[in-house]
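J.: Using the sequences plus the hints, can you model the full thing?
Below are the chains, spelled out letter by letter.
There are 2 protein chains.
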Amino acid sequence: MKRIIYVNTRTRKIVQEQVNGEMESWGGRLLIAKILLNGVPATCEPLGRHNKLIFAGGLLSDTNVTTTGQISVGGKSPLTGGVKESNTGGQAGKKLARLGIRAIVIEDIPLKLGTNVLIVQSKKINLETFPELNRKTVSETMKLLQDRYGKEIGVFCIGPAGEMLMYGAGIASPDNKIMQIRYAARGGLGALMGSKGLKAIVIDDTGSDYRPQYHDKKLLTETNKELIEALMNDPKTENRHVYGTSAILALANTVGLLPTRNFSSGQFEKADKISGEQVRKIIKTRGGVGRSGTSYVPGCVIQCCNVFPDKSGRKAVASIQYETIALLGSNCGISNLDDIAELNHLCNEVGVDTIETGAAIGVVMESGMFKFGDADSAKSLIKSIGDGALLGRIVGNGAYITGRILGVRRVPVIKKQAIPGYDPRALKGNGVTYVTSPMGADHTAGNAFETLKTTDPLGIDEQVENSRRLQIRAAILDTLGLCLFVRPPFVKKPDMFVSLLNGRFGWDYTLENVINIGIEVLDTERAFNQGAGVSENFYSIPEFMQNEALPPTNAIYNIPLQKMKNIWDIKPSKDRF
Amino acid sequence: MKRIIYVNTRTRKIVQEQVNGEMESWGGRLLIAKILLNGVPATCEPLGRHNKLIFAGGLLSDTNVTTTGQISVGGKSPLTGGVKESNTGGQAGKKLARLGIRAIVIEDIPLKLGTNVLIVQSKKINLETFPELNRKTVSETMKLLQDRYGKEIGVFCIGPAGEMLMYGAGIASPDNKIMQIRYAARGGLGALMGSKGLKAIVIDDTGSDYRPQYHDKKLLTETNKELIEALMNDPKTENRHVYGTSAILALANTVGLLPTRNFSSGQFEKADKISGEQVRKIIKTRGGVGRSGTSYVPGCVIQCCNVFPDKSGRKAVASIQYETIALLGSNCGISNLDDIAELNHLCNEVGVDTIETGAAIGVVMESGMFKFGDADSAKSLIKSIGDGALLGRIVGNGAYITGRILGVRRVPVIKKQAIPGYDPRALKGNGVTYVTSPMGADHTAGNAFETLKTTDPLGIDEQVENSRRLQIRAAILDTLGLCLFVRPPFVKKPDMFVSLLNGRFGWDYTLENVINIGIEVLDTERAFNQGAGVSENFYSIPEFMQNEALPPTNAIYNIPLQKMKNIWDIKPSKDRF
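Which chain is which? The protein sequence lines are H and B, in order.
According to this note's numbering, the stretch in the first sequence is residues 1 to 577, in order.
According to this note's numbering, the stretch in the second sequence is residues 1 to 577, in order.
Calculated from the structure, these hints are not laboratory results.
Where is the CB? At the ideal position from N, CA and C, for every residue including glycine.
Chain H side only, calculated, beta carbon under 10 Å to chain B, not exhaustive:
| # | residue |
| --- | --- |
| 1 | L391 |
| 2 | G407 |
| 3 | V534 |
| 4 | Y539 |
| 5 | F544 |
T.: Structure follows, in structure tokens:
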């Protein structure tokens, strides 16, 4: 039987609940939305007693289906004030599933902040104090945890930024070889974890006797096989394997949507120095530990990650990705991949979202405090986040606050969350997603980049319809625990979703049921946001993007708010997915 | 005929409009609410192109009725995101009225911030650049303006904090003897003025040919006479005249509602050193320029202001007031009136709200960065606001942001605005006002301090009803342009409102019409806030005040949110006002 673990950080009491009834069909992002709507007052203080921090495996997390090691992390976002689900890979998700745990829910706050670790083992779940972890970086934390609990643990943890309750802080899931560090980065969930006095969660599945019962193992296995084959035959897989997620950077630059110098241009004159091709070239040339095509969830066949080496072949950062290169690179006028890799590494260590932090540094540069392109100042700044220095604390709280403190008027945020690597003026479908998604400005909530070939990115037509379709699909993937990058085979053959769910659970679902999962996610999240006062009624594209033409397309953002607001009244078309 | 002046800060075009029709009956706070609801998109960026900054005289501003020199200043608040009306005295309000101007509306924003001055004269209204004013303090600004435009001008201006767009910045109305500086302090209106590139408005009524037509001059004059007599016979007037607004401090301390050390106590053990009696004693003992009972609006008979002298008899600050002493004094653990006077003076010079700044410094002290009681650090900190130093910028943006940047959990704000000098746990009626007023935490919106004798301040009964009644009355006074301190005679004889309005305008109003003015103000403001997402549905009393008992009463805030939310559904009782 699946379990949910509730941890009260004030009383230190831990209780378990069996998952049954309706809850059986709630996983990942949907489970988070349900727990929030049913159990968290929407207007509560995000770092107060009533918010909950939730780690929820997807519906398929205890299967061998590729990429299902993704785990959803969520709560009421300190940054946006609304619902937040952010998912990440690593070993922890799979280990949690192997323990038969669907979710961990962290409740209340301690009277005094402290440095606690939740140890989840097959025989025991315990909240321990671990004062030596105080203000430790993510890799230091991982090392100390491995020294105490063994090498093979799965871990979620925060860096000093989360301990200091900074709204730009994320939750890291470092891999247990300490090679790669990935994040449930967005929305300030690291501050939420910090507010609960929780520095880390350690998952040790040794000796677990949980054996999932699959309704139709053959169907599940065969569908997974079909999925993997389809992925392997998709040229995008190879492309991502070789060039990583930054494979798209050159195209983003050509189209003119690459954030450049605090979103003042959509094209960066030095884009070729920070492209996926350049990432690949450096990795190949330098050798050492560098490599392309690594995976970050066990069993992933896409393997879009990499280990980026420094000049001496040692690890600079793993993995370097498109969003980070766009926000900490071109958006800050920085064109040297070694600089960007170091900035990325520093963010990973202090524990902040690279998108939020890159956008915030862009705002600092716009204020005139540093020049665009000044990588050294940017590095000192990120270090100072970890030290709790004032400017570090400001930037560590994200772009919105940075703009406010420094009196900058051009601040690229929606619902107070930084806009990721797609300027909405040049890819209007993403503007629709940023405004209407319950998540705020979040490319993973429904990324229209894939519609470039079929929809004019500068036009108004179809953008709202596209965004709706993409948002529903993203919500389904996030609920099943699949990585967004598996979507192409499902677009071609959506019935694979049906086979996977029926194979696992025997639910007798149709495709309509699957689509309804996505709609239910969004409805639940929107209901929470409505109560929290964080809906598309109150936030839109930043004013400067509605006024200022973006070179080279000279586009402004011009999709009428009313048209965007109607997104949920559109009937979804059955023939596209 | 009355005029409204519209100033476009981008095109520098100035147009005038005659006030007629329905608009005739809109003054002060009501006029601001109407302009916002009708002409400002509720969700607009507060420092962006679509917000408006409005200076609006009250309905009685062109009469001789006592205290009607108060002028309302408003716009969409940068701090709360909702409607904001903040009123102040000084000469400017009366001069504007003598020019026949009901309101000035500042629109749009310039492409680049600058240092502009709006000159309003009888023959000419002009927007001039005055670069020498850049980053000048309020008294420096006043001096330079007087050097250029003559001694007798009325002025509204901002200090460096407003120029730097800090959300704690207010709009000063320094008197033209440069003795007193008072503020439309709350809600960040100084940042709004700064965003429009406007450093000052100079009002020069020389040669005005505006002669108001009173419908019944005799009725107006007689009612004013009656009002003045009633005020002079009210012991509170004498009390305020002698001890200033801090006359109430000793009682506030006894009752246990005086903010002390970041709202951790309602009683300050050194309250006797900062009381109204002590203010009076120092003024009397030191002599020099010190004096009690000065006025700040022409024709005021209450004269609650003072000039507080330093040890050598020179002006330390004018005037020192209860809210300032409570927030910069006891709330920061500071018990020396000379220190508090200097802190007050420094706030006046850099241009920030003393309530917001005192609350923010209390939060800094709570963070451990300085100790409670460390007046020297507090002084340096306020100076650093004017310098634009980082901690200064943080504190200059108010208590909410300060708490967030420094990771402090106990932050005394409602709707992101600092709670003034009445802890809502020990005066629950004010809690109701803070939560339900469209203004956020604002004692002038409906102060239940006057109900101490009739309603148990710790009880739940009557608080909602009281707050409603007080809020309606405050809205009426703010619309007529009367100071809140004239209320006692109107409580005894509400029909004086009717006589004043009918005497001025010949409207044939009844008391019900007058009460409807207050209700219309609140309805209009609430409609704007609803659209802006800043309603009582989304904000309440800070969580720590709902959990933490306040010494010495050990009260928590326990009026149910639902009870507060129903405030506008209560039928107002006719027999009390």
